[in-house]
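Participant: Protein chains in written order, with the working numbering: chain Y, 1 to 251; chain Z, 1 to 401.
There may be inaccurate statements among the hints.
Residues from chain Y shown here face chain Z by an in silico Cβ test under 7 Å; the list is partial [said to hold, decoys possible]:
1. 6
2. 8
3. 105
No more than 25 Å apart at the CA atoms, straight line, and that leaves these computed lysine to any residue pairs for SDA-like [to be verified]:
4. Y/137 x Z/122
5. Y/76 x Z/90
6. Z/122 x Z/174
7. Z/228 x Y/10
8. Z/390 x Y/137
Just so you know, these hints were derived from the structure itself, not from any lab.
Just so we're clear, the structure is a prediction, and the values are computed from it rather than from any experiment.
Positions of the beta carbon are idealized from the N, C-alpha and C atoms, including for glycine.
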Amino acid sequence: MIEVRNLCKRFRDKTRGEIRAVDNVSFRCQPGQIYGLLGANGAGKTTTLRMLATILEPSDGTAVVCGYDVVEQPTKVRASVGFLSTATALYPRLTARELVEYFGRLNGIDGRPLKERVDGIFDRLEMNGFRDRHCDKLSTGMKQKTSIARTLVHNPAVMIFDEPTLGLDIMTARSIISFIRECRADGKTVIFSTHLMTEVEKLCDLIGIIHGGKLLTEGTLPELREQYRQNDLEEIFVQVVGADRMPQETR
Amino acid sequence: MSVRNIGIVYRKELREALRDRRTLVSSILVPLFIFPVLTVGIGFSAAALIGQASREPSKIMILGGEDSPAVVAGLQQVKNLQVVPARTDYTDLISNKRIRAVVDIPNGFQTGSELGQHPEVKIYVFSGDMKSMFGATRIERYFSEYRDNAVKDRLVAEHLPESLMKPFSVKQQNVVSEEKVAGESYGGIVVYLVILMCMTGAMYPAMDLTAGEKERGTMETILSSPIKRTHLVLGKFLLVLTASLATATLSVISLGASFAILSRLARLHSEGEPLPVLALHWRTIVAIFAMALPVAVLFSAALLTISLFARSYKEAQSYLTPMTFVVIIPAVAAILPGVELTPQLAVIPILNVGLLCKELVAGTYHWNYIAVIFASTCVYAGIALYLAVKMFQRESVLFSS
């Protein structure tokens with residue numbers, strides 16, 4: 001489970017002074033649920049998810065991931081989370097198998113259990129054809145599978161996806177979407193950020209609309225439709241953030 | 001757990017480094033081949049050129065000497081001197097290297113010298129030009145032989161013994177071991193090389209493991225794993241240190257081999273004395289590497305910290321290039337003749353190790369200085385490593401892109 005409590009992140013910028021990239025954001029996501037964080041570029045999605053994955057430290061507030069506090073127990077949080085984004089690239093000079101094993105070892109798995117775990121994932125994701133190929137020689141789809149295998153190697157209870165389909169072709173994007181569904185089916189807690197309405201409509205059990213670092217509204221898709229008297233999510237989004245408000249640059 | 005994690009990172013970085021052509025070239029191939037090429041290639045060519053110049057006849061001109069025919073005739077007979085007809089524009093001819101030297105014999109030289117009037121012969125040269133110097137030396141050698149013969153003739157005429165010419169002799173005798181002689185001659189180069197190569201070897205991996213990782217987008221991947229940032233930076237640091245020491249070790253081996261080849265070649269091609277062979281005692285080598293270890297730690301940690309601020313490999317290169325001068329200047333200062341250890345210099349990083357190692361190579365062990373320099377370098381290295389660990393905790397540095 002994930003419980004985000006009044007999470008804030010402030011940055012200092014030489015020209016613009018203090019920037020509130022994430023401003024008092026709170027939400028919850030239960031196991032077997034997909035929480036979709038919907039927002040334009042620069043809305044604060046990535047910063048929020050980076051704080052949940054303990055890559056960044058909150059300026060204020062906190063979050064509890066699988067019972068561990070992101071500020072107090074960041075190492076335990078990372079051991080419970082699989083984090084995937086377009087910014088999480090692969091080591092070009094390692095083979096797919098070496099890369100997944102490396103992350104397995106960093107998660108404390110070794111020897112026979114590691115081998116069995118990696119074999120299982122490679123079978124499931126049909127990666128045996130390129131297991132010994134260097135990552136810089138893989139196609140985009142193969143790279144994406146290797147990234148997924150990396151996030152799964154320690155069997156985390158929580159999965160965080162930061163715009164995972166950004167820049168991918170339709171087929172690769174579809175395989176990512178179906179993988180996210182599988183995670184939910186496995187009972188994992190899933191947080192997913194995107195700026196694509198269609199992905200949110202297809203996937204998410206709960207939707208939070210974030211803008212200018214603030215979580216402006218949240219609810220299930222039917223709840224949002226009823227609240228804003230709109231059927232189309234894009235219309236709802238525009239109504240929530242305000243048509244004339246340009247997204248605030250945060251980084 | 002922590003040692004295990006540092007080991008995991010280290011092994012992975014080592015595996016990647018060994019698969020990276022740029023790392024292999026900068027850490028292994030360059031130190032292995034650049035020194036044989038530099039020392040044997042350039043050294044041998046220089047020796048060959050000097051040898052050729054010393055055998056080549058020097059074109060000279062004689063001014064005056066009409067009333068000293070024996071002297072002029074003698075000069076014309078000297079091997080490797082080619083006398084050309086006198087001209088008034090000899091200064092230009094020397095400066096244009098058309099002739100190498102001009103000998104100006106004063107009027108009445110022959111009779112004047114016989115009568116003890118102390119006439120002066122002038123040799124006009126191009127100071128600093130090697131071939132002009134060779135010509136002048138040959139002329140001088142002729143005149144000193146001429147003088148000796150004149151004195152000898154007079155002694156014979158006076159029925160005095162020839163030994164009066166040299167009532168006593170002076171001779172230099174080396175009393176220091178061959179190892180120390182070689183250390184004094186080449187020690188500076190070895191020390192300079194170890195220091196510079198510790199830096200060069202650390203440079204590429206330091207950039208690759210920080211700025212390179214940011215550029216490739218793998219920094220966020222590794223930061224999302226449960227490893228603590230301290231363990232991550234220590235694993236990376238150990239790899240940079242390994243590369244630094246490997247490069248320095250290979251350079252010294254390669255330089256030793258080059259010197260051995262060079263002194264053999266020099267013996268074959270030069271008429272002069274053979275070069276002293278650089279044969280270092282194992283104890284000296286151990287001592288140099290013991291002193292180089294904290295220097296390598298200092299470089300590895302400092303380069304890692306600086307390149308972490310860069311967003312790309314190119315940016316890191318522009319940060320680290322000036323660092324080369326920061327290292328070269330004290331390293332060169334240490335090998336300058338006459339610069340010796342003082343209590344003040346003993347705390348200046350790099351320069352202190354350079355000066356100390358120069359003494360170690362020459363077989364001198366000042367234990368007080370060794371203790372002070374080792375301790376101070378360890379302190380500097382510790383500070384650099386502490387900064388590297390601290391910088392790895394700073395979000396503004398890690399995510400400067």
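Participant: Taking the hints in turn, state whether each one holds.
Facilitator: We went through each hint and held it up to the structure:
1. 6: violated, 20 Å
2. 8: violated, 14 Å
3. 105: Where the cut-off is 7 Å and the nearest Cβ of chain Z is about 5 Å from residue 105 of chain Y, the hint holds.
4. Y/137 x Z/122: violated, 77 Å
5. Y/76 x Z/90: Not OK: residue 76 of chain Y and residue 90 of chain Z at ~89 Å, beyond 25 Å, violated.
6. Z/122 x Z/174: violated, 36 Å
7. Z/228 x Y/10: holds, 23 Å
8. Z/390 x Y/137: At roughly 35 Å apart (the allowed maximum being 25 Å), residue 137 of chain Y and residue 390 of chain Z break the hint.
Consistency with the previously given hints fails for numbers 1, 2, 4, 5, 6, 8, ordered from lowest to highest.
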